[in-house]
Structures are given as structure tokens and as C-alpha cells.
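Trainee: Residues per chain are reported as follows:
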Amino acid sequence: MKKGFFAALPMYIFTLFFVAVPLIYLAALSFMERNGVWGVDASFTLDNYRRISEPAYYGTFIFSLKLSLITTLVTALIGYPFGYLMSRCENGRLRACMLFLVILPFWTNALVRIYGFIILLRGNGLLYSLLKLAGYGGEQLSFLYTQPAVILGMVYALLPFMILTVYSSCSKLDPTVLEAARDLGASGFKGFVTVTLPLTADGLLSGIMLVFIPSMGLFFISDLMGGGKIIILGNLIKNQIMTAHDYPFAAALSVMMLIMMLVCLGAVRLLLGGGRKRGETR
Amino acid sequence: MEEILRLENIKKSYGSVIALDGVSISAGKGEFVSFLGPSGCGKTTMLRIIAGLSRADEGHVILEGRDITKLPPEKRAVNTVFQNYALFPHMTVEANIGYGLRVSGVKKAEIKEKTARMLELVRLDGVERKYPSQLSGGQKQRVAIARGLINSPKILLLDEPMGALDLQLRRHLGEEIKRIQKESGTTFIYITHDRDEAMNMSDKMVVMKDGRFVQEGTPQSIYDSPANVFVAGFIGLSNILHGSGLSGNRISISGRTINVGFETSENESIDICVRSEHVLVASAETEGGFPAVLRSKSYSGGFLRLSCVLENGEEITGVREDKCFDISPGERVFVHISGAHCTRLGGQAV
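Line by line, the protein sequences are chains A and B. Read left to right, the first sequence gives residues 1 to 282 (the numbering used here). Read left to right, the second sequence gives residues 1 to 350 (the numbering used here).
Hints are computed from structural coordinates only; laboratory data are not their basis. All residues carry an ideal CB built from backbone N, CA and C; glycine is no exception. Misleading hints may appear alongside valid ones.
For lysine to aspartate or glutamate, the following EDC-like pairs were computed, each having C-alpha atoms within a straight-line distance of at most 16 Å [unchecked claim]: (1) B:Lys11 - B:Asp21; (2) B:Lys75 - A:Asp246; (3) B:Lys75 - B:Glu64; (4) A:Lys190 - B:Glu74.
Calculated Cβ distances over 10 Å to all of chain B for the following chain A residues [said to hold, decoys possible]: (5) Val19; (6) Ile70; (7) Val102; (8) Gly116; (9) Leu141; (10) Cys170; (11) Val263.
Make a model of the complete structure from these sequences and hints.
Mentor: Here's what the structure looks like:
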């Protein structure tokens with residue numbers, strides 16, 4: 001037996017009971033049949049998966065994927081420059097202050113913060129009143145309960161994860177390597193693409209994972225910001241459990257979601273050039 | 001010699017700290033110029049200003065007659081070997097070396113050919129596909145030099161390239177750098193705080209202190225006639241003596257008089273330096289000998305180095321060839337200073 005096995009034993013046990021067993025249970029459940037209001041029949045069927053291919057459900061998958069991709073893209077476009085610039089900030093106090101502001105929202109419940117957005121964005125809400133004060137005489141705002149509103153909520157809730165992971169990998173970047181790129185004739189942009197981006201890709205990738213994965217499941221954001229009109233995978237699964245009491249189908253949806261995420265993340269990883277292949281000691 | 005680089009009155013300060021206090025210099029084509037000075041003397045700042053990585057507050061950088069003071073680093077025909085080499089960790093050796101050509105859109109075949117030529121120049125074989133983290137310090141240095149030379153810069157700047165290497169490697173790599181410089185015909189500007197490196201490699205040497213140039217010249221001329229006490233001390237001439245002038249090329253040191261080869265005038269304060277090979281230590285008193293106390297003796301390269309303290313408290317080191325000099329530390333000796341070999345130091349004591 002390998003050295004250190006016993007020291008790591010608690011971790012193995014933890015992983016077995018809290019990750020492997022639930023996953024196996026979920027996968028098994030997805031092949032069973034619903035029985036009565038809360039019950040499940042321990043039989044084998046592919047019906048749950050067949051149901052996913054029905055346009056209504058299949059459409060939610062596609063829609064949810066699209067929404068998550070947009071959310072991740074917007075988050076990366078805002079979060080990467082923010083995290084990068086924060087790491088390059090030479091004023092230590094200003095940097096600490098920015099870091100604090102990024103972390104601050106975590107001190108309040110996410111649900112409460114989303115309610116805050118509703119108060120702000122409502123047709124005759126805070127933003128509307130402010131606009132009216134500023135001389136805006138148009139109709140009431142109609143931004144809330146639309147798809148962009150849901151994306152705004154998602155981006156708002158998940159942005160700190162992107163900023164923090166990008167920041168942490170950009171702080172490790174040796175600035176003289178960038179100077180070397182400039183010195184050798186690379187313009188600022190070329191230096192960024194050929195040196196900065198590849199060397200901070202791991203941070204960006206972690207950020208993408210931390211944003212993309214939850215963005216499919218944060219049903220309360222699509223519920224509140226979308227006014228119940230926008231259904232993402234999280235809503236679908238929640239409804240199957242809480243409303244329809246169809247555990248096997250919810251399990252099948254979850255398994256499909258898991259597979260879809262793994263495929264997407266695998267693709268992103270390939271795209272950003274698998275940073276771990278080259279025997280680097282960092 | 002054709003001039004390639006000229007610095008005109010460069011000034012730079014960081015807040016209230018003055019890094020460069022108006023330095024001017026000219027470097028010729030194909031020359032090996034080294035800047036020698038203790039850390040914090042402004043030599044790295046000067047290098048960064050030549051490379052375009054820092055902006056001078058005042059003054060001009062002229063490359064081949066063209067003012068490049070305001071050009072960004074990528075527009076200057078000057079490349080740098082950084083102190084920690086700053087190799088791209090995510091690229092192979094080959095990709096690192098070819099980087100300068102790749103970003104300027106050179107064709108692949110040409111990059112491959114030039115990279116191979118560079119690898120040959122720096123004598124690196126079989127590491128093309130390795131990553132920087134898999135290389136030794138000496139190999140990294142060669143990659144950094146090859147990467148800096150592939151764009152055929154007018155000048156290669158080297159910022160203490162030996163700093164991260166161990167002593168044994170330094171000597172050998174110093175010779176290698178010199179060979180690469182000769183073969184490539186490129187002007188090298190080399191920054192170091194190690195006088196041996198500067199002495200061995202340079203055509204021209206500039207000694208720096210507190211953001212100023214203290215002395216410039218060939219290693220030989222600086223060694224033979226250091227401008228002041230600081231230079232003498234920094235290039236390792238330990239025998240610095242303080243005396244006062246007498247009329248007629250004579251000075252008085254520690255109560256004795258020696259005849260020297262330079263003009264002196266009555267009562268002026270004079271610092272002189274004399275190399276230890278021109279100081280003879282004897283056990284018996286003879287004409288003109290300075291009474292002193294032997295402090296320590298050590299063997300070095302076939303010589304016996306004898307460190308003595310004169311009556312006025314100043315230290316002086318002499319050498320003897322015979323190893324059976326049987327006087328022990330603490331005993332009385334007599335020191336003979338060859339007046340003809342004493343050099344007068346200009347400037348104030350530092």
C-alpha cells in the first residue's frame with residue numbers, strides 16, 4: 001500500500017460517502033420509475049431519458065445552456081480585466097480596498113441581494129424614481145422579468161468568483177516576463193495574447209468553472225429576476241422534485257446536466273490549451 | 001570606433017530617491033561595455049531606460065544617431081537579458097528563442113533556421129523541446145542570450161546575468177558570453193557588481209556610484225589609476241593610504257617620507273593607492289621602511305599575503321614570494337612602499 005494512504009483515509013471516506021455514493025444513487029434513481037405521489041419503483045427503464053428528448057425539456061436544456069454561456073462570457077469579460085488590473089495595482093491600500101469590496105457581498109444572503117435588485121429595477125422602483133428626478137419622463141421601466149435581467153442577476157451573483165480566481169493567478173505572474181515580451185518586439189496586445197493570457201489561463205479556467213456550473217442551477221435568480229417566466233435547468237429540476245414529485249425524472253435531468261457540463265468544460269480546457277501537460281513546476 | 005549609443009544627461013528619480021543624476025556615456029559598435037557598481041547605484045535603472053522599460057525624467061537616449069528616448073520597448077533595436085532571465089515558462093526553449101521573430105511575423109521556415117543558428121551560437125544542444133523549468137541555471141542563461149540576439153539587435157543589454165549562478169559556473173560562462181559577443185559582433189552592455197567579471201570581459205568599464213559615473217576607461221586604465229578612493233576600493237585595491245604633501249614630489253605618511261612620481265605641494269591632503277605587489281614586507285629594519293605590526297598572513301596563488309598595520313593605524317597588504325617568512329602575526333615588521341608605483345587618488349575620500 002502506498003505511503004500516506006492512511007493519512008489520507010478520512011478524505012477517501014468523505015469522498016466516498018458524500019460524493020461517490022450520492023452520485024451513484026442519483027444515477028441509479030434516474031433509471032427507476034415513479035410510483036404514486038412520493039414513491040419510486042425499483043425497476044429499470046430508459047423512459048426518463050426518453051422524456052428529456054421531448055421538445056419542451058430539450059428546449060430548456062438548450063435555453064439554459066445558452067443563458068449560462070452568455071453569463072459566463074459576460075462575467076469573464078468583466079472579471080478578467082478587473083482581476084488583472086487589481087493584481088497590477090501598485091497601491092497596496094487601494095488593492096486591499098478593492099479586494100474587500102469584491103468579497104463584501106458574500107456577507108449578505110444572496111437571496112436578499114437579489115430582492116434588492118428587484119426593488120431597484122421594478123417598473124416604478126428606485127431606478128425609475130431616480131431617472132424621473134433626473135428629468136426622465138418616459139414610461140415605467142420594463143427591464144425586470146426579462147432574460148437580460150436574469151443574466152444581470154447571474155453575472156452579479158457570480159462575478160466575485162471570476163474576479164478572485166483571475167486575481168489570484170494574475171498575482172503569481174512575473175511582470176518581468178511581460179517586459180521580456182515587450183522588449184522582444186511584442187506590442188502590448190500581442191504580449192497579452194502570447195504571454196499573459198496563457199500564463200493566467202488556469203485562473204480564467206477555474207473562474208469559468210465556478211461561474212458556468214452554478215449558473216445552470218441558480219433557480220432562485222431566474223425565478224425572481226425572470227418573474228417565473230424564465231425557466232432554466234435549475235427550475236426544471238426543482239419543479240420536478242417540489243411540484244411534480246417525480247424523483248426519477250429529476251435525477252435523469254441532473255445526470256444529463258452533469259454530462260453536458262463535463263463536455264462543455266472539457267471543450268473550454270482544450271481551447272485554453274491544457275496547461276497541465278508540460279511538467280511545469282510552479 | 002563608430003558610435004552606436006549615446007546617453008545624454010539622463011536623470012531619473014523615484015519619489016525623493018535619485019536613481020540617476022545626469023549621466024552621459026557613449027558606446028562604440030561591437031564594444032563590450034560594463035557598468036560596475038554596488039547595488040542601488042542606478043545601473044539597472046539606466047539599463048531599463050536604454051531598453052525603454054523605464055522613462056527618463058530628463059535627457060536623451062541616442063541609438064545610431066536617432067533619438068529613441070520616447071520609443072516604446074518593442075520599437076527599439078535593443079534587447080535585454082534579464083537578471084532572472086524572464087524566460088516564458090509556457091514555451092519550449094525553441095519557442096522562447098524564436099519569440100522575437102514570431103511576434104514580428106517572420107515566416108516559420110526562417111524562424112526555424114535562425115533558431116537553429118542561435119542554438120549553435122550559444123552551444124545548446126538537445127534541449128529545444130524542453131521547458132525552462134527543466135533547464136539548469138547556465139542553460140537558462142544561454143537561452144536568454146539566444147532569445148535576445150535572434151532579432152539581431154544593435155545592442156544586447158545584460159542585467160547581472162550571473163547573479164543567479166554559482167561561483168564555479170560564473171567564470172566559464174563569463175568566457176562564453178565574451179565569445180558570443182565576439183562572434184555575433186553585437187555591442188554588449190553588461191551590468192554587474194562583480195569587479196572580476198567586469199575586468200575580464202570589458203573593452204570599456206564604467207564605475208558607478210549613487211546615480212553617477214565615477215570613472216570610465218579600459219579595465220587596465222581603471223586598475224592602474226583609479227580616480228578616487230571609492231573606485232580603488234571597489235575594484236579591490238585594498239592599499240589606500242592617507243598622507244600629506246611635501247614639496248618636490250614627496251609625501252609624508254605615518255611619519256615617514258616617500259618619493260612619488262607625481263607633483264605634490266606643501267600640506268595638501270593626498271590619498272594614494274598602491275597595489276600589494278609593490279609593497280614589500282621585511283623582518284629587519286632597512287632604509288625607508290615603515291615600522292608596522294603584522295596582522296595576518298595567508299597563502300594565495302604561490303604568494304604569501306601579509307596584512308600589516310602601520311603606526312598611524314592604516315592597513316596595508318604586501319606580498320612575498322618566499323614562503324618561509326617566519327614572522328607570526330603580532331610581531332614587528334618593516335614595510336617598503338615603492339614610491340614609483342603609488343597612484344594619486346582624485347576626489348574626496350568616500
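Trainee: Are the hints correct? Go through all of them and say.
Mentor: We went through each hint and held it up to the structure:
1. For a cut-off of 16 Å, the pair hint linking Lys11 of chain B to Asp21 of chain B stands: about 5 Å separates their Cα positions.
2. The suggested pairing of Lys75 of chain B with Asp246 of chain A is violated, with an alpha-carbon distance near 67 Å, which exceeds 16 Å.
3. Using a Cα cut-off of 16 Å, the hinted pair Lys75 of chain B and Glu64 of chain B holds, with the two alpha carbons roughly 14 Å apart.
4. Between Lys190 of chain A and Glu74 of chain B, the direct Cα distance comes to roughly 11 Å. Compliance with the 16 Å bound is thereby established for this hinted pair.
5. Val19 of chain A, annotated as away from the interface, keeps every beta carbon of chain B farther than 10 Å; the closest lies near 32 Å.
6. Every Cβ of chain B is farther than 10 Å from the Cβ of Ile70 of chain A; the closest lies at roughly 29 Å, confirming the non-interface assignment.
7. At roughly 27 Å from the closest C-beta of chain B, the C-beta of Val102 of chain A stays outside 10 Å, upholding its exclusion from the interface.
8. With a least CB separation of 42 Å from chain B, Gly116 of chain A remains clear of the 10 Å interface cut-off, as annotated.
9. At roughly 46 Å, the least C-beta separation between Leu141 of chain A and chain B is larger than 10 Å, which holds for a residue marked as non-interface.
10. With a least CB separation of 15 Å from chain B, Cys170 of chain A remains clear of the 10 Å interface cut-off, as annotated.
11. No Cβ of chain B approaches the Cβ of Val263 of chain A within 10 Å, the least distance being about 26 Å, so the stated non-interface status holds.
Checked against the numbered hints given earlier, this structure breaks only hint 2.
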